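What follows is the residue order along each chain.
Protein chains: 2
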Amino acid sequence: MAKIFKGKEVSDALTEKLLDEVNVLKGINIKPALAIIRVGSNVEDLSYEESATKRCEKAGIHVEKFIFPEDISQASLLDIIYSINNDDSIHGALLFRPLPEQLNDHIIRSALAPHKDVDGITDISMAGVYASSDMGFPPCTARACMEILDFYGIDVYGKNVVIIGRSLVVGKPVAMMALKNNGTVTICHTKTINIEKIAAGADILIVAAGAAKVVGPAYINENQIIIDAGINFTPEGILCGDVDFEKVEPLVKAITPVPGGVGTVTTGVLLLQIVEAAKKAAVKLEI
Amino acid sequence: MAKIFKGKEVSDALTEKLLDEVNVLKGINIKPALAIIRVGSNVEDLSYEESATKRCEKAGIHVEKFIFPEDISQASLLDIIYSINNDDSIHGALLFRPLPEQLNDHIIRSALAPHKDVDGITDISMAGVYASSDMGFPPCTARACMEILDFYGIDVYGKNVVIIGRSLVVGKPVAMMALKNNGTVTICHTKTINIEKIAAGADILIVAAGAAKVVGPAYINENQIIIDAGINFTPEGILCGDVDFEKVEPLVKAITPVPGGVGTVTTGVLLLQIVEAAKKAAVKLEI
Numbered sequence: 001m002a003k004i005f006k007g008k009e010v011s012d013a014l015t016e017k018l019l020d021e022v023n024v025l026k027g028i029n030i031k032p033a034l035a036i037i038r039v040g041s042n043v044e045d046l047s048y049e050e051s052a053t054k055r056c057e058k059a060g061i062h063v064e065k066f067i068f069p070e071d072i073s074q075a076s077l078l079d080i081i082y083s084i085n086n087d088d089s090i091h092g093a094l095l096f097r098p099l100p101e102q103l104n105d106h107i108i109r110s111a112l113a114p115h116k117d118v119d120g121i122t123d124i125s126m127a128g129v130y131a132s133s134d135m136g137f138p139p140c141t142a143r144a145c146m147e148i149l150d151f152y153g154i155d156v157y158g159k160n161v162v163i164i165g166r167s168l169v170v171g172k173p174v175a176m177m178a179l180k181n182n183g184t185v186t187i188c189h190t191k192t193i194n195i196e197k198i199a200a201g202a203d204i205l206i207v208a209a210g211a212a213k214v215v216g217p218a219y220i221n222e223n224q225i226i227i228d229a230g231i232n233f234t235p236e237g238i239l240c241g242d243v244d245f246e247k248v249e250p251l252v253k254a255i256t257p258v259p260g261g262v263g264t265v266t267t268g269v270l271l272l273q274i275v276e277a278a279k280k281a282a283v284k285l286e287i
Numbered sequence: 001m002a003k004i005f006k007g008k009e010v011s012d013a014l015t016e017k018l019l020d021e022v023n024v025l026k027g028i029n030i031k032p033a034l035a036i037i038r039v040g041s042n043v044e045d046l047s048y049e050e051s052a053t054k055r056c057e058k059a060g061i062h063v064e065k066f067i068f069p070e071d072i073s074q075a076s077l078l079d080i081i082y083s084i085n086n087d088d089s090i091h092g093a094l095l096f097r098p099l100p101e102q103l104n105d106h107i108i109r110s111a112l113a114p115h116k117d118v119d120g121i122t123d124i125s126m127a128g129v130y131a132s133s134d135m136g137f138p139p140c141t142a143r144a145c146m147e148i149l150d151f152y153g154i155d156v157y158g159k160n161v162v163i164i165g166r167s168l169v170v171g172k173p174v175a176m177m178a179l180k181n182n183g184t185v186t187i188c189h190t191k192t193i194n195i196e197k198i199a200a201g202a203d204i205l206i207v208a209a210g211a212a213k214v215v216g217p218a219y220i221n222e223n224q225i226i227i228d229a230g231i232n233f234t235p236e237g238i239l240c241g242d243v244d245f246e247k248v249e250p251l252v253k254a255i256t257p258v259p260g261g262v263g264t265v266t267t268g269v270l271l272l273q274i275v276e277a278a279k280k281a282a283v284k285l286e287i
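Residue numbers (this note's numbering), protein chains in the order written: chain U, 1 to 287; chain L, 1 to 287.
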């Protein structure tokens, strides 16, 4: 039986740390604030918006919503982003994507000021993650994986960290963060040959394959720690991860469940990064 | 006996390709041009400057030199970079680093226009390499490793590519480029445990460890392709790579020598990227 790494425990710890910092900021008259920018009414966006808003309000973070119809022009959306960049009362911005076709994803993303880019979508945030330098922010889901390891005392130093998936949202940034912490990092993907054997050699297996229950008993070893960043639905409509939890959980040392794992921590990281952005802005003002 | 992957063969092929493109550009009245920016008179910088200048002139690429004393101010150097950015007759810029202490490396690097950043030192070039998008350029040495594999018909698709070293000049960009080409990529470094075993499992081993002859027979297998990006000197003052060539060469399938391997291709890649920058500028002008 594996130890279950519970997202709620990690998220609660992040929130506790956060509340202290929000209070410190309030003491100097700063209320951390998030701008949510949503084009259209995608169901998943609405669901994340609702939970993020609730969590923000509970933590004393103000949320300002910028909601637009599907057919908004690129110029109009850019104007909104520029005004958010210039508004000192807003510290972070969350932009739901993918965007409708008339909007150039790269131009829109690049318009956001990196110091307000709390979900790591700008080029500068990406360069910061890649170069391990303090620019912008990593994507929340990627950092959530690392925060879970950290909370449960798992140091990646010298460990074999195998990552399945090479997206800019999880696979690549997690690889860079694990490398920064001195892990030996292997990145696997759909073209990897012998993926089961490579995964089974991992001390820590981070899965962001984007396919339901693909990681089964052939991918693991009994001392393994598994972080499952997958969010999928079974044909029966049940939420599940990229790991076949029922089969794998009894055979490994520790694992995150889905739901209740990485996804639960992602919003906590978003809040943390908003507060970090507000703190950086406060330091800048003092200088 | 391994096949020796000779840098000169790769470099000659790049030059041949280049000459055609330089001629096409001349046909539309564009002479590709490189700005070399050097602060002080570091011996290694002078040596690279001399060989790059010769190679450029031979290929029909104009070189303009911007040479400054060690004590140049940041403001003055920034002004030079801005003027290079705005000069349509210059297509690429090579800035020797490290810079003297009074100059902030990140501020200076960031001032260069990414489309003229032919050695991949700006944040936007790094984001481009990281995200596999067409922004800026990769560092010349990293691309040289990939050009060698390409010239000798080695496809990394599905191969286990192990990289020793995690620098921004070779290790990380090579990892991203190999990943883009569908290799399964492992990044090792000084904190890696069992590095010999991991390296010995590689189909392709790319070494950028920065230490003389550290890779010996324990790191290899008989079907292995080795790219050695190391440049070191033995205690006797003899140029050598990161691989113990004499011991390893008889035991692997193919290997690059030092000297005569990656280093020889690096300047060829620099020339290629200057011409690519000039072509992009020409396309922009036409639009």
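If you are wondering where the hints come from, they were derived from the structure by calculation, not from laboratory data. Every value quoted in this text rests on a predicted model; they were computed, and no experiment measured them. Incorrect hints may appear among the rest.
The list makes no distinction among identical chains, and a pair is therefore deemed to hold if it is satisfied within one copy or across any two copies.
In silico DMTMM-like pairs for lysine to aspartate or glutamate, Cα to Cα no more than 20 Å straight-line [what the hints assert, rightly or not]:
{"id": "1", "residue 1": "K279", "residue 2": "E21"}
{"id": "2", "residue 1": "K54", "residue 2": "D203"}
{"id": "3", "residue 1": "K191", "residue 2": "D155"}
{"id": "4", "residue 1": "K191", "residue 2": "D150"}
{"id": "5", "residue 1": "K3", "residue 2": "D150"}
{"id": "6", "residue 1": "K6", "residue 2": "D150"}
{"id": "7", "residue 1": "K31", "residue 2": "D88"}
{"id": "8", "residue 1": "K65", "residue 2": "E196"}
{"id": "9", "residue 1": "K247", "residue 2": "E222"}
{"id": "10", "residue 1": "K197", "residue 2": "E70"}
{"id": "11", "residue 1": "K58", "residue 2": "D244"}
{"id": "12", "residue 1": "K253", "residue 2": "D150"}
{"id": "13", "residue 1": "K279", "residue 2": "E49"}
{"id": "14", "residue 1": "K17", "residue 2": "D244"}
Each hint, compared with the structure:
For the identical chains of this complex, K279 and E21 are intra-copy neighbours only, at 9 Å inside a copy versus 51 Å across copies, given an alpha-carbon limit of 20 Å. Taking identical chains as interchangeable, the C-alpha atoms of K54 and D203 are never at most 20 Å apart, the minima being 36 Å within one chain and 50 Å between chains. Taking identical chains as interchangeable, the C-alpha atoms of K191 and D155 lie at most 20 Å apart only when they sit on different chains, with a minimum of 13 Å there against 29 Å within one chain. In this assembly of identical chains, the alpha carbons of K191 and D150 lie at most 20 Å apart only when taken from different copies (19 Å versus 30 Å within one copy).
Only within a single protomer do K3 and D150 lie at most 20 Å apart by alpha-carbon distance; the minimum there is 15 Å, versus 46 Å between protomers. Within a single copy, K6 and D150 get their C-alpha atoms as close as 13 Å, which meets the 20 Å cut-off; across copies the closest is 46 Å, which misses it. Only within a single protomer do K31 and D88 lie at most 20 Å apart by alpha-carbon distance; the minimum there is 11 Å, versus 47 Å between protomers. In this assembly of identical chains, K65 and E196 lie within 20 Å of each other by CA distance neither inside one copy nor across copies; the values are 44 Å within and 54 Å between.
Taking the closest pair of Cα atoms, K247 and E222 come within 20 Å of each other only inside a single copy of the chain (13 Å); across copies the shortest separation is 38 Å, beyond that limit. In this homomeric assembly, K197 and E70 never come within 20 Å of each other (Cα to Cα): the closest approach is 45 Å inside a single copy and 54 Å across copies. Taking the closest pair of Cα atoms, K58 and D244 never come within 20 Å of each other, the shortest separation being 34 Å inside a single copy and 60 Å across copies. Taking the shortest Cα distances, K253 and D150 sit within 20 Å of each other inside one copy (16 Å), while across copies they are farther apart (42 Å).
Within a single copy, K279 and E49 get their C-alpha atoms no closer than 23 Å, and across copies no closer than 45 Å, so neither meets the 20 Å cut-off. For the homomeric pair K17 and D244, neither the shortest alpha-carbon distance inside one copy (33 Å) nor that between copies (51 Å) is at most 20 Å.
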